[in-house]
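> Now for the letters of each chain:
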Amino acid sequence: MRFQLLLLTSLVSFVACEKDKPTPTIDQRAYSVTTSGNVVTVRNLPGDTIIGVSAQGQPVGAGRYTFFSLESGQWIPNADSNSNRWDLAFAGTIVRVNNLTSGPGSGGGFVFNGSFESLTSVPVDSTFRLDNHPVSYAIPRGSGRAWYTYDGPTNLLTPIPGRTLVIRTANGQRAKVEILNYYRGGSTPSTSAADSIKIRDQRFFHFRYSKF
Amino acid sequence: MRLVVFILFLLLSSTSLLAQADSLRNLQEVVITATRQERRLGNVAVPVTLIQQQQIRQAGSLRLRDILQEQSGLVMTSAFGVGVQMQGLNPEHTLILVDGQPLVGRTSGVLDLNRIALAGIKRIEIVKGPSSSLYGSEAMAGVINLITEAPGKKEISGSIRYGTGNPDKGWALPFASSGFQQVDADLQVGYQVGKWKFRHSNNYLYNDGISFRPFSTDRIPRPINRLTHQTTLLRPIGERTEFKLLLRANQDKIEQEFAVRNNGQIIESYGREKNTEWNIQPTVTYRASQRLALHSRGFFTRYVGDQRLFFVQKPDSSYLDRFEQHLYRFEQQLDWTIGRSEWIFGAGYQIDQARSTRYDALDNRKQNRVAYAFAQWEWKLNEKWISVAGMRYDDNQLFAAALTPKWSLRYKPNEKWSVQASVGQGFKAPDFRQLYLNFTNNAAGGYSVYGTQDAIRIINELNRLGQIAELQPDFSKLADLTPEYSTGTNLGVTYQPKQTITVRFNGFRNDIRSLIDVRQVATRIDGAQIFSYLNVKRAYTYGLESEFNWQFHSKWTMQTGYQWLRTGDKDELDRIKKGLEYTRAPDGSSRVMTLHEYVGLPNRSEHQAQFKLRYQPAEHRFVFLRLLYRSRWTIANSNGNGVHDVQDEYANGFLQINLSGGIPLRKNIQLQAGIENLLNYQDVNYLPNFPGRNIYMTLNFKL
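Those sequence lines, one after another, are chains L and Y. For the first sequence, counting from 1, position 11 maps to 11 in the working numbering; every step adds exactly one. With positions in the second sequence counted from 1, the corresponding number in the working numbering is that position plus 212.
None of these hints come from the bench; they were simulated from the model. Treat the hints with care, as some may be off.
Selected chain L positions facing chain Y (in silico; Cβ < 7 Å) [said to hold, decoys possible]:
1) 158
2) 175
3) 192
Simulated coverage check for chain L against chain Y, where a stretch passes if three residues somewhere in it have a Cβ under 8 Å from a Cβ of chain Y [stated by the list, open to error]:
4) 30-36
5) 66-72
We treat Cβ as the ideally placed atom computed from N, Cα and C, and that holds for glycine.
Only chain Y is shown next, with the shape it has when bound in the complex (with noise of 0.2 Å):
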């Protein structure tokens, strides 16, 4: 604490010429995710949040999930890593991109936002609502696209950051034995050499990790390296030619020795994780004209993620996960202006590959193969009307074929006021988890789940065997997959009544069908559970976001933002309206349950806010607090009628509270220190990823 103070105390004693602070939303800004062409951030149909390198910084995030976790309507989820959770859809229906093209490597659907460094990200761009007509798969909730610095600007520039933290205690000492410790280091060189210009980035992150669960020694989180670095190269051609290349490369090292203690025993355990990721992403872009511009991308990215666990009393059953995806993919795109008019056409084929333990056999590779084209057309009526239409259709070798339009419009009657309406349909292709998983878990209980390439064939061949007890009624649904459609309304009020002031409300809805759900179709003679895939959920998301930024004085600004969020399963609530739902009393005996007990699908907020205020006198000078809160959301349904209610279990709704602040020592050199989760929140059980409080001090330097 006292280090805040003399922090606040150097900054308010500071006597530093006034510098005009950003704007933490700035109408004039360019955007480039919403239409796949520049635009202002004023001038596009759609919801999009902007998050500048500026803020990416003097928030302190080094990792894709600490910025994300500050935006308003965005929720972190817990399982398989940290995943995003947008407009209450769940991380799989989210797309992430680097300069437009996809990260792969998902777990259970989830791309861990740990994974993704910040180094050498100039800015974030958040687009929400159905984006498939222009990105196709996974972008059913919104997408995310990092954009990368721009490379040739002459720079030498990096940061070395030491944080603390200890659960326990409370207050961190540095190197206490209890608590972890982390260490970013991060450089930046940009150069040109002829016509040659680059921009390298390398990032480096280590924590020791830290142990806060009972019954365990277990680091979560895990005492882990990340070592990234990207390479941007750009260089004209003639006038009208311009060759890019981004080259990026991540690794993740986890090594730890733990033990468990389960059932009086203690389990002692060694377990080692690597994922390594790396992608290639040349373009030439053509320029014939002031309206005509080819665009042609090749994208190469390779994941691969090795997981072993030994235990050291019984190492025969050590265990081995092995994930490797490739995809490969060649793109154009034409940008063709024709009067009011700006037309894209677009069309890719894509080969996505990958093999796993966790599927039959690890050298038996899977793949599936992707044709696509899209359009768009954006229409500028006038200065009050744009409207924007486009489509998108993908052939899939695997499944059927995915078409997806999007329609959306801006009407803007004056400076002050600007409203925003789309209507857009997203898809997300089966994963190949969902086709052909084979995993068979032999503990306590016991269960299998296979894919539904190959589920059929093995359950009948266990029937033959005899060694299937029952087959249940979704046995017989059992088909090839189909895609998961949504359907997304967006309707947003955008109100400036000044430079200073920007007030934003949007309204959303989302109805999904054909939601692929995990479903028991089988039991084995020893009572042993099977498991497979059905396209057969149908749910919805609808809610409000609200946003006020207020820049009040030149070295003042505050942001808050807040969302309302209600979900539901379709089937549950027509048989809640149909009086076949029960719940228990409270002597335990069952009654009828009623609409407004049901609280739809789980690990779902119905609240989330946040408060943001940075004080910046100067470039180099600020301090910003922001205040993040989300809502009470369940996590199991303990009353056993398979949907969730409020007698359920919930995780406790909390408060988290980050500060951080920065000051000049010299002209090219800045401290920067800060506090992540003040209040020391901490939820064992349900927010694993969620260590307590850590403190952090920065230096960066700027040649």
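Chain L with its partners taken away, still in its complex shape (with noise of 0.2 Å):
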């Protein structure tokens, strides 16, 4: 239904967007991490946030990602990246955890289908999955396969609701994650907001998680 009436805006903003450089910045900022009982909230977390429009009109980060440690609560500095000190990594809708393809430690995730709270313990059946960069990652990425849904149409991401991801750290302790919001300050635009603010709003991670 909506595909032809977005034809035209979208084309518009094809137009628009390639002459469209904004200068890199990372907010900082509003990065919060917060923590109550066992649960962590982590806020505004950048994942690689857009910086300009690629030649074929998507928007583009600089293709950095950023790395966090479920053990210690904290946002690891690049220079770590080979090494266990960090769990996830971010860079737009992908999630990385630390082994084989993606760094040296033992982690590995896998997408359960139920609330964050119900889940008490991880399932006895249950396989980690591990990455094997750019072709598979141990939490998938795509629009509905694992913790979120993408409309092109309308061009905003959600997290599903019900998706908790569960994680094997860098050094083998589990922990179950939920990926709350993907928008800076925590709230999806409008689906009327300009273009613009979609993309300039979009890759702040909100999650919150708990250790076994």
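Both chains are sitting in their own frames, so use the hints and assemble them into the complex.
Structure, rendered in structure tokens:
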């Protein structure tokens, strides 16, 4: 239904995007980590935020991952990417675990269909998947496949409620992670928001996690 | 406002003679759409709404949208022009006819109601509930049939109207630069030459459009010129035969320059759109006796929609969209009365063709042939019971055949009460878009949509070239499309304690299956999504419609209508019941969704109500007030769970007030004035075709 409606506006934005190259800045001011009981909530963690538009009209980031440690609850500098210090790495819709093609650790992960609270222990019959960058990831990419849906016509990405990521950390600990939102400030722009806002504010991760 | 007061004053101070105002609902009126034969409204077994020309004129309605939006149970939708939602079903599921033959040229299933002029239309009949047993594809929610004025009556009449509106400033000043202006001119000529009876209807509408959206000077409604011509011709041949011809031509032209602001850039564009449509409808009726009549009908129609968009800074990326559709049909119908039974037998053959830039190539004409037959048996057991049973079979060249039965019953125990019950099957054939669309949008995100006739081949080819990252599970379900089906049940009660009061209730339920949905079937290596169509959805709508008409004084009539509507997707409902759908708590965390949070299909309002009040002391002297309310409706899924629930994005409910009035200036001249959308309600995002208040004045004449 909406495809043709969007055709015109998208064509227009295609033309508009090409010359539009804002300078790369990473907004770190809003980033925060809070702890309540054993649940840690991370807000506004940028994951390769948009710095411009490719020749094909796709919004692109700088290609830099943001590394995060579930064990220490800290944003890990990129210099430590080749270490066991991080457990999750974020860049756009890619979420990587520290193992194989992604890092030297013994990380892993899979997606559990069910709420964060209902998951009290790692199900016995579960298998931790590994990253095989760039072909596949422990936490799969793609709309509706793992933790998010993406709607092309409205150009909005929304985490799916009731999807919990089960993560094995670089050092082999188990944790559960729920991604709450993908936009700056923690609220998804409305469908009628300008494309420029939808692009500017995306790739800001909000998630909560706790160790088993 | 002063104008209104002035008109009211004139009306109230008038000393004109009393005239019997038409009731807004008269059960003695004759309708044809419900059974393909003329029947009194009080004798039909299905819900029918009849809109007479007087109501159309007094409401100041120019286009089909204007009058339909004021009818109980009909909701106007805003995507791809203005469409009509009936009993909660999408616009593509309502068949729109002129003298019993369909209008073509739908975009994404929507026939733009603003394309259809009401000039030369005598009455509009709206039949709710599936009517595919008589009319075939698209008649799933119901049928809207526009009946043209009969030729021959000696008449020259016409009108000229000027209207203006200004959404920013509220009360419009004529010729205000930021507002819109509208001119409508209409000329009707009827005459007779020997045995030939003629009627010509000409209508011209100009609207210079208005831009009220942020980031854009694009004028919506757009600057448009609409021209409609309609000729009807009737000639008796001998005693028993009659030849009738309807010619209709319509052209819309939209041209505008506009600028859109996007990411700080200003893009200047020039858009040109031309929609042309004509149809020819010859009919020969042979009445062998009182009991036997034969109708031979031909029908040829052509629609061309041509849209061009030029970018001033980037002329090479200009955009052309062209869609052409032809329909050729020949149909025979036999009406036969035997005792208490009235039989109708019909058969027809139809060729439907389309070509478009939206398909693989403009030169590749797509074609579907349909052979069909239908029968209906109306049995008048006695004065109390009438039973109507019908069935139709459509054999399609491109997809599965459809069989659609229907049975309806009317029970009238006495003069005051009447009960109507009906159950029927409706269907909608897959349209050319769902079979042949070949569309790729390269902009932000990027996606493609392929019709099912080509999707598998194209995706396999892309896969062979290494362009496909992943095939989705739905890819394996891609198959030839089948028609969409619905089963509709209506149960109504009419109570008419006296001639001036009518109360009507109608409960309805529609169960829709093999509904065609757009699904992602593959992903390209650059992440772009590929969509196609699948017969996968099951949905339902049910509700209650009520109407109360009361002529409480010889000059005063009131009418109220209300529709309560619930809808839903059956698979979504199953998932919610099993506790598999989640929603988010205020802190953003997930929890299981409960059934009462589910709101059903998007773009549906639970409540719709209207109130109409008319004061008519004389034939051309009246005041007509209409209050139209629609409750909020969901727009988009904002919490990612794939179902529409109370957390999602809604458009606000709103009240629209339309007011009109008329006074006779001289014997043959009437002045009419009115205000549409008196409260100046606007919703830039969700009601793009609904500009602010419109004030108009019309001069009607009749020689």
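> May I ask which of the numbered hints given earlier this structure violates, with the numbers listed in increasing order?
The structure conflicts with hints 2, 4 and 5, although it agrees with all the remaining ones.
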